Amino acid sequence: MNLDFTPEEIEFRKEVRAFIEENYPKELVGETVREDLTREQFLAWHKILGKKGWSVPAWPEKYGGTGWTSTQRYIWSEENARMDTVMPLPFAVSMVGPVIYTFGNEEQKAKHLPGIRSGEVWWCQGYSEPGAGSDLASVKTTAVRDGDHYVINGQKTWTTLAQYADWGFFLCRTDPTAKNQEGISFILVDMKTPGIEVRPIKLIDGGHEVNETWLTDVRVPVENLIGEENKGWTYAKFLLAHERSGIAGVARSKRGIERLRSIASKEMVDGVPLIETPDFARKISQLEIDLTALEFTELRTLASEAAGKGPGPESSILKVKGTEVQQRLTELTLEAVNNYGAPYAYGMDAAGNGAGVGPDYADYAAETYFNMRKTSIYGGSNEIQRNIITKMILGL
Amino acid sequence: MDFNFTEEQGMLRDSLAKMIRDQYDFETRRKVVASADGWRKDMWMQFAELGLMMAPFSEEDGGLGGGPIDAMVVMEEFGKGLVVEPYVPSVVCGGGFLKRGTDAQKEEYLSGIMSGELVFAFAYAEPRGRYNLADLETTAKKDGEGFVLNGHKAVVIGAPWATHLIVTARTSGGRRDANGVTVFVVDKSAPGVSTRDYPTVDGRRASEVYFENVAVGAEAVIGEVDNGLPLIELVSDEAIAAICAEACGAMKVAQEMTVEYSRQRKQFGTPIGKFQVLQHRMVDMFMEQEQSVSMTYMATLKLGEDEVTRKKAASAAKVRIGQGGRFVGQQAIQIHGGMGMTDELAVGHYFKRLTMIDSEFGNVDHHLKRYTDLSATEVPVAAE
Chain R
1315 MNLDFTPEEI EFRKEVRAFI EENYPKELVG ETVREDLTRE QFLAWHKILG KKGWSVPAWP
1375 EKYGGTGWTS TQRYIWSEEN ARMDTVMPLP FAVSMVGPVI YTFGNEEQKA KHLPGIRSGE
1435 VWWCQGYSEP GAGSDLASVK TTAVRDGDHY VINGQKTWTT LAQYADWGFF LCRTDPTAKN
1495 QEGISFILVD MKTPGIEVRP IKLIDGGHEV NETWLTDVRV PVENLIGEEN KGWTYAKFLL
1555 AHERSGIAGV ARSKRGIERL RSIASKEMVD GVPLIETPDF ARKISQLEID LTALEFTELR
1615 TLASEAAGKG PGPESSILKV KGTEVQQRLT ELTLEAVNNY GAPYAYGMDA AGNGAGVGPD
1675 YADYAAETYF NMRKTSIYGG SNEIQRNIIT KMILGL
Chain A
4 MDFNFTEEQG MLRDSLAKMI RDQYDFETRR KVVASADGWR KDMWMQFAEL GLMMAPFSEE
64 DGGLGGGPID AMVVMEEFGK GLVVEPYVPS VVCGGGFLKR GTDAQKEEYL SGIMSGELVF
124 AFAYAEPRGR YNLADLETTA KKDGEGFVLN GHKAVVIGAP WATHLIVTAR TSGGRRDANG
184 VTVFVVDKSA PGVSTRDYPT VDGRRASEVY FENVAVGAEA VIGEVDNGLP LIELVSDEAI
244 AAICAEACGA MKVAQEMTVE YSRQRKQFGT PIGKFQVLQH RMVDMFMEQE QSVSMTYMAT
304 LKLGEDEVTR KKAASAAKVR IGQGGRFVGQ QAIQIHGGMG MTDELAVGHY FKRLTMIDSE
364 FGNVDHHLKR YTDLSATEVP VAAE
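Note that the protein sequences, when read in sequence, are chains R and A. If you're matching positions, the first sequence starts at 1315 in our numbering and goes up one per residue. If you're matching positions, the second sequence starts at 4 in our numbering and goes up one per residue.
In case anyone wonders, no lab produced these hints; they're calculated from the structure.
Straight-line distance between alpha carbons at most 25 Å, and here's what the computed BS3-like set of lysine-lysine pairs gives:
| hint | chain 1 | residue 1 | chain 2 | residue 2 |
| --- | --- | --- | --- | --- |
| 1 | A | LYS372 | R | LYS1597 |
| 2 | A | LYS277 | R | LYS1551 |
| 3 | A | LYS372 | R | LYS1580 |
| 4 | A | LYS269 | R | LYS1705 |
| 5 | R | LYS1493 | A | LYS277 |
| 6 | R | LYS1365 | R | LYS1328 |
| 7 | R | LYS1568 | A | LYS372 |
| 8 | R | LYS1705 | A | LYS277 |
| 9 | A | LYS44 | A | LYS191 |
| 10 | R | LYS1340 | R | LYS1328 |
Predicted, not measured: the structure shown is a model, and the values here were computed from it.
Isolated chain R, as found in the complex (with noise of 0.2 Å):
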């Protein structure tokens, strides 16, 4: 046992380093927020890194991953990190994309890996309904065969930027008469197929995330079948476990309390710098030391996984605890900027009225931390993670 990277990892880490500072695009350099990027700025570093092989490190290499170790990954990430890069987004190259290349076809690889890793085109991912939140397999989108051709009728919400995707991931009934999992398809959707209207929701922050998706007689090629008809919330359940395993999101966190700190040692109480103040001091001590936690959990995780064993149940752990410190650094930081949390980014007219109130530090603190809320709520509600380690690990 021991924390020390070898002469290579280190040398690693020089190497990637260099390539973010030399290439990172410089008009994103400083870019620290999400809500207002379009989808040129979403996909510039993917498609960067796409050029460079670098766009799907965890893939097996034959399909254009980089057969990095998970300690070369989480170098990867930490350097990523170092930069507030914008990352290539989960749902083409950590959901949709390790689906097709575990249960697709050889003709479904050579279609969709190439614009995936290269980033040229941009996935949905459309699973949950009005209907169906954390009961996720009660969903009743329908695809009906019809020749060669399913008919998809129905709804899908909270569909992540979907403003912005070419194509969408969809879990439709395919048997109405199967019991809840068993009559479920995954299919491929191309979200320029007449039939599909995609209308914004506003979330609290202000912001456009996310969309309802509605589904009018939607025709898609039977070829666009993963894997079997009605085993799809097989396939459903494998890329859960995917989106949980990266979802820890601990370097970027570690990047969040060091900005806190700054911002504390430039926000003044009585005459004192905040962060001299003990009892913020030891919020941020707290918060620190959970994330530590947090760290060494999901290296353990790493390592078991590099011992061959994939992403277990464990990873609800990481789920649980990655999101609960994301969320905690957000509201310390809104605590932070005091007054002016309050300027609201979103309400600020064209002629700029508004923008810039206060230091930079303290713009979107507040709708930050209002959008992250969202996290404890997404890719199985933290209560769902805990009923997975129920019925999992303590088998209860």
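Position chain A relative to chain R; hints supplied.
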């Protein structure tokens, strides 16, 4: 980076686990704790024969060439079995000081610690010192080549069983000064040493130790005169890592016992483990325990790093384990209901041990403050 145990460490764990299973069941422990001695010297000698005491020492000191990870392995198993024998006081603390002593001190004491013949206790706490290792009213006054000790040490764990004591005392400076602290090794049978022995709430034995004009020679000083505090802090951090491992073992058993009980116990016609409110509580216990393991690995692996890193790691672990241990212990009792309150069931004894671990070598508040103070000494990173 590597989180695997060596083959030797795996064997040590397995054979110790078997020994505890075979000879340290809960009823046997209950009898031992209630006996006049409160421990089993023969069990202690069996632990020594198994190589437990030698495991963490270097080969040149006569050990097996292991280190803190071996102590961690031992203490996790001790925690699972609620073992009362004084591995931390004697091996981690006594051995921890003396392996950093002079050649003559190593010669005189280390082989005895490793064979089990010598038993050490660490007399650092004082009635008015709380967790400040430098807040000492015990004095050691220079007298010719040697020193004369006077003072009162509080709740010295394992002292009734000890042959020797490691004693911290003030040799110069004012109360609470970082400088002027010196570490001594003292024979418990030396003239002027007296003890008042008693059982502790978690099944161990401890003493109030009084020093009345106890004369020791210059060879009793471990490390430098007046500059003992850094060494005391180092060994205390090693002890923290070890008792964190003990807490992990105790938490694991308390959590598993609770899950098992919830399977058996029926109310409203159904096993209480089917109630979601209790399931989620037990998941929270599981997550606390797993994170405690992570923190124990972290603190143990960082013992050899620079001083600030080591201290922050030990404090971070002690904070998390203090909080986790309290949660797991309290909820284990709660979910066991009235049965959890009875002395008959083992679970309450795990709760008591977990409770006392928080107050050993500094509690949550103490270490949260220590961590915070250490963070303030670091150069702030220019982040925006």
